[in-house]
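Chemist: In case you want the letters, here they are:
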Amino acid sequence: MGSRRNNLIVLALVVVLLGVAAYFIFIDEPVTRSTQLGLDLQGGVSAQLEGSQTGGGKVTREEMVQAADLIRQRIDRLGVAEPDVRVQSENQIVVQIPGVKNPDEVIRIIGSTAQLGFYQVLAAGPQPNVPQDEIEQTRQDITETLEDDEAYDKAKTKILFEETPSIQGRGTDVNGYVVSKDPDLTGDSLKQNGANVEFDQTTGKRIVSLELTAEGGRQMGELTQRMLNDSLSSGEPAQLAIALDQDIQSAPTVQDTLGQSISISNDGLPNGLPEDEARQLETVLNTGALPVNMQVISQTTVGPTLGLTSLKSGLLASLVGFGLVLLLLFVIYRALGVVADLALLIYAFLLWGLIVIIPITVTLPGIAGIVLSIGVAADANVVIFERIKEEIRRGKTPRSAIQAGYDKGFRAILDGNVTTLITAFILFALSSGSVRGFAVLLAIGVVLSMFTAIVITRALLGLLSDRGIHLSPALMGVSKSSISATQEARVR
Amino acid sequence: MFDNVDFVGGWKLYFSLSAILLLAGIIAIALGGLNFGIDFQGGAQFTVANAERQLSDDQVRAALPEDIAGESVVTTLGENGYEVRTPVVSSQEEQSQIRDSLSQAVGGEVSVTTVSPAFGEQLRNQALQAVVAALIIILAFISFRFEFSFALAAMAALVHDILMTIGFYAIVGREVSLVTVVAVLTVLGYSIYDTIIIFDRIRENAPTVGYNRRRFDEMINRSIRQVVRRSIYTSIFTLIPITALLIFGEATLSDFAFALLVGIAAGTYSSIFIASPVLSLYKAWRAGKLQAARST
Numbered sequence: 000m001g002s003r004r005n006n007l008i009v010l011a012l013v014v015v016l017l018g019v020a021a022y023f024i025f026i027d028e029p030v031t032r033s034t035q036l037g038l039d040l041q042g043g044v045s046a047q048l049e050g051s052q053t054g055g056g057k058v059t060r061e062e063m064v065q066a067a068d069l070i071r072q073r074i075d076r077l078g079v080a081e082p083d084v085r086v087q088s089e090n091q092i093v094v095q096i097p098g099v100k101n102p103d104e105v106i107r108i109i110g111s112t113a114q115l116g117f118y119q120v121l122a123a124g125p126q127p128n129v130p131q132d133e134i135e136q137t138r139q140d141i142t143e144t145l146e147d148d149e150a151y152d153k154a155k156t157k158i159l160f161e162e163t164p165s166i167q168g169r170g171t172d173v174n175g176y177v178v179s180k181d182p183d184l185t186g187d188s189l190k191q192n193g194a195n196v197e198f199d200q201t202t203g204k205r206i207v208s209l210e211l212t213a214e215g216g217r218q219m220g221e222l223t224q225r226m227l228n229d230s231l232s233s234g235e236p237a238q239l240a241i242a243l244d245q246d247i248q249s250a251p252t253v254q255d256t257l258g259q260s261i262s263i264s265n266d267g268l269p270n271g272l273p274e275d276e277a278r279q280l281e282t283v284l285n286t287g288a289l290p291v292n293m294q295v296i297s298q299t300t301v302g303p304t305l306g307l308t309s310l311k312s313g314l315l316a317s318l319v320g321f322g323l324v325l326l327l328l329f330v331i332y333r334a335l336g337v338v339a340d341l342a343l344l345i346y347a348f349l350l351w352g353l354i355v356i357i358p359i360t361v362t363l364p365g366i367a368g369i370v371l372s373i374g375v376a377a378d379a380n381v382v383i384f385e386r387i388k389e390e391i392r393r394g395k396t397p398r399s400a401i402q403a404g405y406d407k408g409f410r411a412i413l414d415g416n417v418t419t420l421i422t423a424f425i426l427f428a429l430s431s432g433s434v435r436g437f438a439v440l441l442a443i444g445v446v447l448s449m450f451t452a453i454v455i456t457r458a459l460l461g462l463l464s465d466r467g468i469h470l471s472p473a474l475m476g477v478s479k480s481s482i483s484a485t486q487e488a489r490v491r
Numbered sequence: 000m001f002d003n004v005d006f007v008g009g010w011k012l013y014f015s016l017s018a019i020l021l022l023a024g025i026i027a028i029a030l031g032g033l034n035f036g037i038d039f040q041g042g043a044q045f046t047v048a049n050a051e052r053q054l055s056d057d058q059v060r061a062a063l064p065e066d067i068a069g070e071s072v073v074t075t076l077g078e079n080g081y082e083v084r085t086p087v088v089s090s091q092e093e094q095s096q097i098r099d100s101l102s103q104a105v106g107g108e109v110s111v112t113t114v115s116p117a118f119g120e121q122l123r124n125q126a127l128q129a130v131v132a133a134l135i136i137i138l139a140f141i142s143f144r145f146e147f148s149f150a151l152a153a154m155a156a157l158v159h160d161i162l163m164t165i166g167f168y169a170i171v172g173r174e175v176s177l178v179t180v181v182a183v184l185t186v187l188g189y190s191i192y193d194t195i196i197i198f199d200r201i202r203e204n205a206p207t208v209g210y211n212r213r214r215f216d217e218m219i220n221r222s223i224r225q226v227v228r229r230s231i232y233t234s235i236f237t238l239i240p241i242t243a244l245l246i247f248g249e250a251t252l253s254d255f256a257f258a259l260l261v262g263i264a265a266g267t268y269s270s271i272f273i274a275s276p277v278l279s280l281y282k283a284w285r286a287g288k289l290q291a292a293r294s295t
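Protein sequence lines correspond, in order, to chains X and E.
Counting from 0, one number per residue, gives the positions in the first sequence under numbering that gives the first Met the number 0.
Counting from 0, one number per residue, gives the positions in the second sequence under numbering that gives the first Met the number 0.
Isolated chain E (complex conformation) (with noise of 0.2 Å):
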């Protein structure tokens, strides 16, 4: 598979492919499209299920509170559901006037979650402390195993993947909550995993003494050549249910399944076109520099 590929010449072709990707994510964010949900800013969400009359999204906006209806998102959920997020609901009170109104427009069963702003930030530092101290261990578990060319190049790859999942989150808009985060570091241990598989056979064919460049690159083709097949089987297996999710599951798990169909996705590129020609350009680099060194 992939015989006449060059996996690791071809990398100004790939980077930019990833590029334009990641340009796009980023534009997408700073347009503001990361769209939090109530898990981090705090507020309230109400879901409607079975519900019996069936009316526009501003028309229920319209049931709402006056008070609290033009800062509300309306989103239908299916044939018979609606979501409706509010800002934060201050009492138990104001949030049962909440549900009473919209279950006296729209008829069927609401439920509500709610979250405080702090417990919100709470949430939010958790996330991020999660997602940090995922790096550093993956970080040091690479540089423990393979040399520190290696783990830069995973980094890379990882960094990659990170961005171009809160990149695509950003250009579809979907809700990012704790749920996407935990998607976030499951794409994670995958990335790291098949990185760590190529790696594993560029060091078991890399030469014990001498570098040259072109036998070292020739080398890393042979090796993804070699395990290629598997890392794409493996995506298509994971990815598989993963999509079976996306179609069938309701608002949450289709929304942590997106996350994993991009991550996941990207990771697998990633270890392949991203990680590989990294570690060679690194390589080519440091022995540039060493000889520049030598002959001065």
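Next comes chain X alone, as it looks inside the complex (with noise of 0.2 Å):
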């Protein structure tokens, strides 16, 4: 044990494994690629969202996965690189999106359960060009107004809202509809991809058409001729209320029965609907709507500047850290302390080897774990380092003192870090999302840290000791006087 042969086996054994670190990090992919930086060091979007039922009724890991599943096709529709969609806990899904120019799109449109529905308009309440901050209160009195309504019935009937920019003046014209509680016809009824983004041909103005199903447009055909003879004995206009979810998207006049081609449309504008706003309808109108109700519960979206300044930064201090630590190792150690700083730089370069390999995705609370690991690491050289002293002053040579320092240091530094695995094992299972990425790392640190102390630095002494370099006390950091002060304490 402790043998020369053995030493060199496991240095050569380290050099090895330095070996592969280093291809992983550099060779295998270009540097700057190879090590996967989470959204909050690169930039991107991120969002945790809760799935619910509409009446309350439990969500199951079923609809979860499929609704995680649309809403990867849906970001897949955007053209956006490389979204991380999961399912997290019973009812949550995480969204990840590094880079994305326009994140207030991306979060509609992932968070929209998007059931398409067609609705006979039974009541309207119109308001025309409401300033911005009276909105609210506007919906509130329509509502007001259609509850009055002969056609409102609390037990039948709900309200929705369009609102569209006002075609002459300022504000928003605000209307209210008073249909069915559930839609005449669903999105059930779409005829696969058939939403398009189109040009009305008499207008020119920008419209989303639907191509129904066959059945679909039977059934539309029925609705609107019910519709047609309703508006013929009221004597008022046919209105088709389309709705995304809650909302009204148009409610067109109906002249004539409709059948299988319809179009969502805005004539109240110059160019008809807007392009980005046409899109985000073609989208989740082609993927279908999610099986459960959707809700954005957290959302963070970090621009490529702020990330660069936070990378940085934890860098700088990362860096700075680990050198005051080996310069610090090195002061009071001497001898010893230069074959610490050796190992702690091992440990560094193989840390980022794992990290690399494994891969974990390195964010903000990441850095920090690390440059604790750090403080583990030199940690577990000071316990040893510490013993290997007391045995020096008792008297005992350099290589037997390394010999009983290593012994007696093993079960402190076992005991110390399991605790800390302890801790790290109760984060990574009470936690989510960028907490765990702290966890993952002080855990993986931890016990690359007792490796490394326990068998590199081990090699590194033994190889010193054994080479006939004499490591006298005064290179260890121990001066005679404490010696003779220890020995003569022991003898009185």
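Among the hints, erroneous ones may be present.
[Unchecked claim] What follows is a set of in silico ranges between Cβ atoms, one per label pair, in the way DEER data are often shown:
| hint | chain 1 | residue 1 | chain 2 | residue 2 | range |
| --- | --- | --- | --- | --- | --- |
| 1 | E | 15 | X | 393 | 36 to 42 Å |
| 2 | X | 398 | E | 128 | 47 to 53 Å |
| 3 | E | 75 | X | 22 | 41 to 47 Å |
| 4 | E | 75 | X | 18 | 57 to 63 Å |
| 5 | X | 147 | E | 123 | 41 to 47 Å |
| 6 | X | 462 | E | 19 | 48 to 54 Å |
| 7 | X | 322 | E | 2 | 31 to 37 Å |
| 8 | X | 148 | E | 29 | 54 to 60 Å |
| 9 | X | 87 | E | 231 | 41 to 47 Å |
| 10 | E | 228 | X | 399 | 19 to 25 Å |
| 11 | E | 138 | X | 57 | 34 to 40 Å |
| 12 | X | 398 | E | 283 | 41 to 47 Å |
[As the list claims (entries may be wrong)] The following residues of chain X were derived to be distant from chain E, with all beta-carbon distances above 10 Å:
| hint | residue |
| --- | --- |
| 13 | 55 |
| 14 | 65 |
| 15 | 82 |
| 16 | 103 |
| 17 | 146 |
| 18 | 220 |
| 19 | 230 |
| 20 | 296 |
| 21 | 381 |
| 22 | 443 |
The hints are simulated quantities; they were obtained by calculation from the structure and are not laboratory data.
All C-beta atoms in this analysis are idealised placements derived from N, C-alpha and C, irrespective of residue type, glycine included.
Fit the two chains together into the complex; they arrive one by one in their own frames, and the hints show the way.
Modeler: In structure tokens form, the structure reads like this:
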């Protein structure tokens, strides 16, 4: 044990490991791409969504997986690179998308349930030219008026709203509609990929055309025929409301029975539907409705500049901290310190290698975990070196002091690291997202630091003392006076 | 090192020192000094990086939409950054509105984080669960490896460290976020590690039979002297990189580093000056009780 041959084998192994790490960090992929950075460091959008049933029932795992699939498809259609969509715990979905230019659009698209509904308008309450800050109040007023309408029946109908920019003048047109509680026709009647952004042939305005299935077309024919009949008897125009979730997209007046082709349009604007709105409609309608209602419960958008600033400050802090630890180890432990410094450098490089190979996404808390693990790694050496110095003060030769230091120091290191590992596991089990990154890096750092201190430092020290290099007590940071003092104390 | 310090006998001094600091912290908490971030109460946070114009916090607040300006908190980050915390924003539209008005006012890039109140509550519960779980597991761990009196003393030190960290947070008014809870948990791990190292020596040096207060206290002092150098070096080696984080790290990292700095410093102090005297006092109290029971 501890023979020169064993030490050489250990060091050869370490060199091989370093080579493997270097290969993955620098050669397999360019260094700027090999290390995966979290969104908080490279910029991007992440959102946590919570699924719920309309009636308050329980959301199943299958529904969540299905919803995650649909959300992934929607993001793919936006042409955004490498989205990460995962189901988390019972009813949450985490979406992470690096480097997005239009975060608002993305959030809107992934979050909307996108249940398409066609409704016969039973009563309408229009209010044109509403200023921005009075919309909320106007909606309440319209609701009160419509609730007094004879068409309104709390058990069978509901009130939906449409908000569009006013044609003439400023502000928003707010329209309230009384419609039946359930849609007369749903998105199920839409053909596959049946929604398309087009331009109206007569007006040239942008619209989203909807192509219905044969069955859907037949039902639409029946619905519009019924509406026209009602209109004849009441004298009011027949209006068809097209709603996405609880928002009316458009409510055209029906002149004739409709078949398989209908369209969502906005005649109020000079160019019809705004382009991004039309594209969003097309995307969510073609991917279909989510099986559950989704609500965004937390959302983070980090710009690339902020990410870079965080990365720089994190790296600077780690490097300065690391440098000072190396320096202090040398000042206190001299020759032993140089060996420990070498071991710490190896440790840092191997840790980097592991981060790339596993791979672990480095986040801001992850950097904190790395910095903390540098302290842990240095501590493992401190525990052993203190024991070695203690043995030297008692008059042992450096070589047997090193042996004793490792034998007695090992248990203390193991004990201490077990408590840190317990903390890391609790953190991992009870948290989510970036905190997990901290826990994983801390745990890996702790295990790797034990390996470095116990295997690598020991092999290096063993080789040094074998090679006939005389490690005097002073070289190890033990003064002559403290040796004699300790020995006198022992004699006494 | 510390050859002439009576770690056990001077407990009145050490305890009062801690008591003064803890009291200051508790007063700060009572006065509402704890500044909870959006993680725990919901809300939105807008971070401006690379701002082109330098405005005062009030000027930035004035640029926000009227209905939320009054309840928003603006802080300056470094030379050209701002952080704006607002109450919960209900819609995507409102959020983009705030973001647009900010980027119009100061220029630069605006990053956004929003947390719904329900999710904030969930995070808060998770955080509390994590801390309680950690305390229970650690208590079980010590009771398993040592005897009850050691576990009691270690718990006293742990509670001391947690209160100290939270108290200092309240005094300086830094933002309490999820990261702070992570830091507190990490402090728990470190503090218990320190305490265990000292208790390990005490157990090793403890006589197997007979309790004599003077001998026991002398033995505790001797044990601490044997490991105190290691305790202090460990703290220094951990505190150095943490200090670097505090100085060079941006908002999140520096908050994290601050909690660790206070917690680990408190942990080192408490394992020497709180845990060990508590152990001695408890032993003496129990011995006194046993004697009283025997003499009646």
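Chemist: Does each hint hold? Answer for all of them.
Modeler: Now the hints, each set against the structure:
1. Restraint check, residue 15 of chain E to residue 393 of chain X: a C-beta distance of roughly 38 Å satisfies the suggested window 36 to 42 Å.
2. One distance hint, 47 to 53 Å for the beta-carbon pair residue 398 of chain X and residue 128 of chain E, holds here, with the actual separation near 51 Å.
3. Range check, residue 75 of chain E to residue 22 of chain X: about 45 Å between beta-carbon atoms, so the 41 to 47 Å window is met.
4. Between residue 75 of chain E and residue 18 of chain X the Cβ separation comes to about 48 Å, which falls outside the hinted range of 57 to 63 Å.
5. Look at residue 147 of chain X against residue 123 of chain E: about 44 Å separates their beta carbons, and that is inside 41 to 47 Å.
6. A beta carbon spacing of about 52 Å between residue 462 of chain X and residue 19 of chain E agrees with the range 48 to 54 Å that was offered as a hint.
7. For residue 322 of chain X and residue 2 of chain E, the hinted distance range of 31 to 37 Å is satisfied, since their beta carbons lie about 33 Å from each other.
8. At about 55 Å, the beta-carbon gap between residue 148 of chain X and residue 29 of chain E stays in the expected band of 54 to 60 Å.
9. Separation of residue 87 of chain X from residue 231 of chain E is about 42 Å and conforms to the stated range, judged on CB atoms against 41 to 47 Å.
10. Our hint of 19 to 25 Å for residue 228 of chain E and residue 399 of chain X holds, since their Cβ atoms are close to 21 Å apart.
11. At roughly 36 Å, the beta-carbon separation of residue 138 of chain E and residue 57 of chain X lies within the given 34 to 40 Å, and the hint holds.
12. Separated by about 45 Å at the C-beta atoms, residue 398 of chain X and residue 283 of chain E satisfy the suggested range of 41 to 47 Å.
13. With a closest Cβ-Cβ approach of about 14 Å to chain E, residue 55 of chain X is found to remain outside the 10 Å limit, as its non-interface label requires.
14. The beta carbon of residue 65 of chain X sits about 22 Å from the closest Cβ of chain E, which is more than 10 Å, so the claim that it is off the interface holds.
15. Every CB of chain E lies more than 10 Å from the CB of residue 82 of chain X, the least distance being 18 Å, so the non-interface label holds.
16. With a closest Cβ-Cβ approach of about 5 Å to chain E, residue 103 of chain X is found to fall inside the 10 Å limit, against its non-interface label.
17. For residue 146 of chain X, the non-interface assignment is confirmed: its Cβ lies about 23 Å from the closest Cβ of chain E, beyond the 10 Å cut-off.
18. The claim that residue 220 of chain X is not at the interface with chain E holds, since no C-beta of that chain comes within 10 Å of its own (minimum 37 Å).
19. Annotated as non-interface, residue 230 of chain X keeps its C-beta farther than 10 Å from every C-beta of chain E; the closest such distance is 35 Å.
20. The Cβ of residue 296 of chain X sits about 4 Å from the closest Cβ of chain E, inside the 10 Å cut-off, so the non-interface label is violated.
21. Residue placement check: residue 381 of chain X does not keep its beta carbon more than 10 Å from all beta carbons of chain E (closest about 5 Å).
22. The claim that residue 443 of chain X lies off the interface holds: its Cβ sits roughly 15 Å from the closest Cβ of chain E, which is beyond the 10 Å cut-off.
In this structure, the earlier hints numbered 4, 16, 20, 21 are contradicted, and the remaining ones agree with it.
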